[in-house]
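First to last, the sequence lines map onto chains Z and G.
Numbering (the working numbering) for the first sequence: 20 to 360.
Numbering (the working numbering) for the second sequence: 11 to 343.
These aren't lab readings, by the way, just hints derived from the structure by calculation.
A few of these clues could be false.
Across the chosen pairs, the derived CB separations fall in these ranges [unchecked claim]:
| no. | chain 1 | residue 1 | chain 2 | residue 2 | range |
| --- | --- | --- | --- | --- | --- |
| 1 | G | Q304 | Z | L288 | 35 to 43 Å |
| 2 | Z | E183 | G | L314 | 21 to 29 Å |
| 3 | Z | R35 | G | K68 | 56 to 64 Å |
Just so we're clear, the structure is a prediction, and the values are computed from it rather than from any experiment.
Each residue gets a CB set at the ideal place from its N, CA and C atoms; glycine is no exception.
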Amino acid sequence: MSGLPMAGTRSTGPRRLLRHLLFSEYLVLYLSVAYFAAVVPFVPQMASAEVMRNILSDMLPLLMVAIGQTFVLIVAGIDLSVTSIIAMASVVGASVMTGDGGYLADSALAVPGAMLAMVAVGLAIGAFNGFCVTRLGMPPFIVTLTTMMFFSGAAIWFTTFHTETSSIANLPQGFVALGQGNMGGVPNALWVVAAVGIAAHLVLARTALGRRLYACGQNRNAAAVAGVPVARVVAAAFLISGACAAVASILYTGRLQTGTPILGQTILLDIIGAVVIGGTSLFGGKGKVLWTVFGVLFLVLLDTSLKMLGMSLFSVFAIKGAVILLAAVIDAVRTRFAARL
Amino acid sequence: MRLTRRQFTIGTLIAAGTAGMPLYVKAQGKKTIAVLFDGLYSPFWVAGLDVIKQDLTKRGYEMVQAISDKDDNRQFEQVRAMLARKVDGIIIVQTDSNAVIPAIKAANEAKVPMVHFNRPPAKTEAFSVAVVADNRKITNATVEHMVEVARKQGGKFKAAILIGNLGDPNAIGRRDGFFDVVDKNKDIIDVVARIPTEWNADVAFAGLTNAFQANPDINFLFTSSDFLFPQIVQAMKVRNKFHTIGHKDHVIFGGFDGDAMAYELLKDKYLDADGVQDLFKEAELAVNAIVDLQEGKTVDRVLLDPGFAIHQANLEQVRDRMWGYTIYKQKNG
Numbered sequence: 020m021s022g023l024p025m026a027g028t029r030s031t032g033p034r035r036l037l038r039h040l041l042f043s044e045y046l047v048l049y050l051s052v053a054y055f056a057a058v059v060p061f062v063p064q065m066a067s068a069e070v071m072r073n074i075l076s077d078m079l080p081l082l083m084v085a086i087g088q089t090f091v092l093i094v095a096g097i098d099l100s101v102t103s104i105i106a107m108a109s110v111v112g113a114s115v116m117t118g119d120g121g122y123l124a125d126s127a128l129a130v131p132g133a134m135l136a137m138v139a140v141g142l143a144i145g146a147f148n149g150f151c152v153t154r155l156g157m158p159p160f161i162v163t164l165t166t167m168m169f170f171s172g173a174a175i176w177f178t179t180f181h182t183e184t185s186s187i188a189n190l191p192q193g194f195v196a197l198g199q200g201n202m203g204g205v206p207n208a209l210w211v212v213a214a215v216g217i218a219a220h221l222v223l224a225r226t227a228l229g230r231r232l233y234a235c236g237q238n239r240n241a242a243a244v245a246g247v248p249v250a251r252v253v254a255a256a257f258l259i260s261g262a263c264a265a266v267a268s269i270l271y272t273g274r275l276q277t278g279t280p281i282l283g284q285t286i287l288l289d290i291i292g293a294v295v296i297g298g299t300s301l302f303g304g305k306g307k308v309l310w311t312v313f314g315v316l317f318l319v320l321l322d323t324s325l326k327m328l329g330m331s332l333f334s335v336f337a338i339k340g341a342v343i344l345l346a347a348v349i350d351a352v353r354t355r356f357a358a359r360l
Numbered sequence: 011m012r013l014t015r016r017q018f019t020i021g022t023l024i025a026a027g028t029a030g031m032p033l034y035v036k037a038q039g040k041k042t043i044a045v046l047f048d049g050l051y052s053p054f055w056v057a058g059l060d061v062i063k064q065d066l067t068k069r070g071y072e073m074v075q076a077i078s079d080k081d082d083n084r085q086f087e088q089v090r091a092m093l094a095r096k097v098d099g100i101i102i103v104q105t106d107s108n109a110v111i112p113a114i115k116a117a118n119e120a121k122v123p124m125v126h127f128n129r130p131p132a133k134t135e136a137f138s139v140a141v142v143a144d145n146r147k148i149t150n151a152t153v154e155h156m157v158e159v160a161r162k163q164g165g166k167f168k169a170a171i172l173i174g175n176l177g178d179p180n181a182i183g184r185r186d187g188f189f190d191v192v193d194k195n196k197d198i199i200d201v202v203a204r205i206p207t208e209w210n211a212d213v214a215f216a217g218l219t220n221a222f223q224a225n226p227d228i229n230f231l232f233t234s235s236d237f238l239f240p241q242i243v244q245a246m247k248v249r250n251k252f253h254t255i256g257h258k259d260h261v262i263f264g265g266f267d268g269d270a271m272a273y274e275l276l277k278d279k280y281l282d283a284d285g286v287q288d289l290f291k292e293a294e295l296a297v298n299a300i301v302d303l304q305e306g307k308t309v310d311r312v313l314l315d316p317g318f319a320i321h322q323a324n325l326e327q328v329r330d331r332m333w334g335y336t337i338y339k340q341k342n343g
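Please take these sequences and the hints and turn them into a complete structure.
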């Protein structure tokens, strides 16, 4: 279910290497290492501790939201609303804790209250998506596209009630430290993402819910016949995705020290791209948290190197788009080959 | 699972080829300035980037540029990437005045001077220099001329203003500059439409169209940026409101920026007045500030471009200082 079988036919040389690379679950990690090795002569600073730290910290919020997306893709769904969840949670959380007249301003409960509100936003939108998909039978693409549009607008509208400007600043230091601070030289965000990542991995690999998620992604009818509560399982995937996007919003908002309604608006391609590059199938039934880690690593590595090279945004878009397209093609080829083997 | 050296080498080559590895040759011995814009979505920013580039090249600097596409987080990452690249200075146009503060702090920590071009940050203890136009004063002058025209014409006026993204202090300055003047002239001007644009042309078009539907008698119009002219002209044409000065249905019309289309509209007598930012002066101030900061000199936190208002009465005299006229001349000879 998670890995793909290796070809059993006898062959030698490049064909065997190609097959090995194509079907290895570490393919993207190899590519990341190879890309890094290839780019370092051109941008030697890539190998510096500072850039490594930047890559790690850039990966964390993106990985958080990508983990949630992995769950949805495994059940053969898609969640386009994650960017609006990030934005909505950002302004709701900021409105709770901002020193400029927040609901819990200057209270000891400001930070925990704001974080709870942010996660609640993610869960609520995720639950709504899950309800529409499972109970009303609507396609995930349409449901999450429309919730994305609605909550992107709602986030801007919500902001206008709390500030004269377009963002909510003056957030408590305790919250900002979550996005920017370190504990023992390790970024605080890393603890959060590692905890969520390990939990997500355990859910997928070791629990009944994990097995049911894969089963629903592979064949919903067969899963239903086998006694899997398909509607509840699919709804759970959207709920998890919403919660992960909200936690990502906490990290992004802390990082920028600002609640902004346009937060995350342009990263949808990065989120879905990272998951797909990692090897999680767009057709459902296949995916791992570890693969998503590799996908995010590759994408951030690519992004960082292009930034360091001073490439224009349009070139960055074109190259990233090409890489994601290539990943989708590889996914289709792997799925086709796997079916033959 | 084992990987031989040969397999690894082939894999590396495939990866490098796939990624379409761009060639990069760093100029040796040259100081590098990073120019980070949030977008090139109006002629002002396109021209601004070009003028800065020319100025830096003239002074022997290498310029590396990046566009964040209105993504605050991406811009923060770009700043960190440039700091890791050991650039000697950063000229930045941020999307949000609050969200840029972590980037300023990062630059401060790395002891790399940062200058905000045409858009100041929010109040912060972190140090950076902002080159800004005196938006409020320039708008005052522009709208005062429009009111003067209205008074000469006589009668009552229904006014509309297209407001920019209020996360941008420039937009606030222009909005306030407009209301400073119209509030003193309430006897003849009634503001019936405040149209938010978020600096988005589509939003502006939809907002103005709605405003014309709700108030068909709007006859006094100010836009906080010239880059919205194409959409405004289109909306006016649809409502049969686009007429030259002197026509009985002419809408008293003003803008802000000083771009090439503003010059054309002024020349063709569709536009009454336009607030002009002195782009050349701003670019020069920004580069001077970077150079001075590198040399350890003291630079004020805010460097002001006084700008000016151009209108039918002074068009011939001051157009040479209008950056849009320079572009117009280049295009039309």
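Checklist entry - Measuring from beta carbon to beta carbon, are E183/Z and L314/G in 21 to 29 Å? => result Holds: the Cβ-Cβ distance is about 23 Å, inside 21 to 29 Å.
Item to check | Satisfaction of the hinted span 35 to 43 Å by the C-beta atoms belonging to Q304/G and L288/Z | outcome: The hint (35 to 43 Å, Cβ to Cβ) holds, given that Q304/G and L288/Z are roughly 37 Å apart.
Checklist entry - When you take the CB atoms of R35/Z and K68/G, is the distance between them in 56 to 64 Å? => result 58 Å, holds
Comparing the model with each earlier hint shows no violations; every hint is respected.
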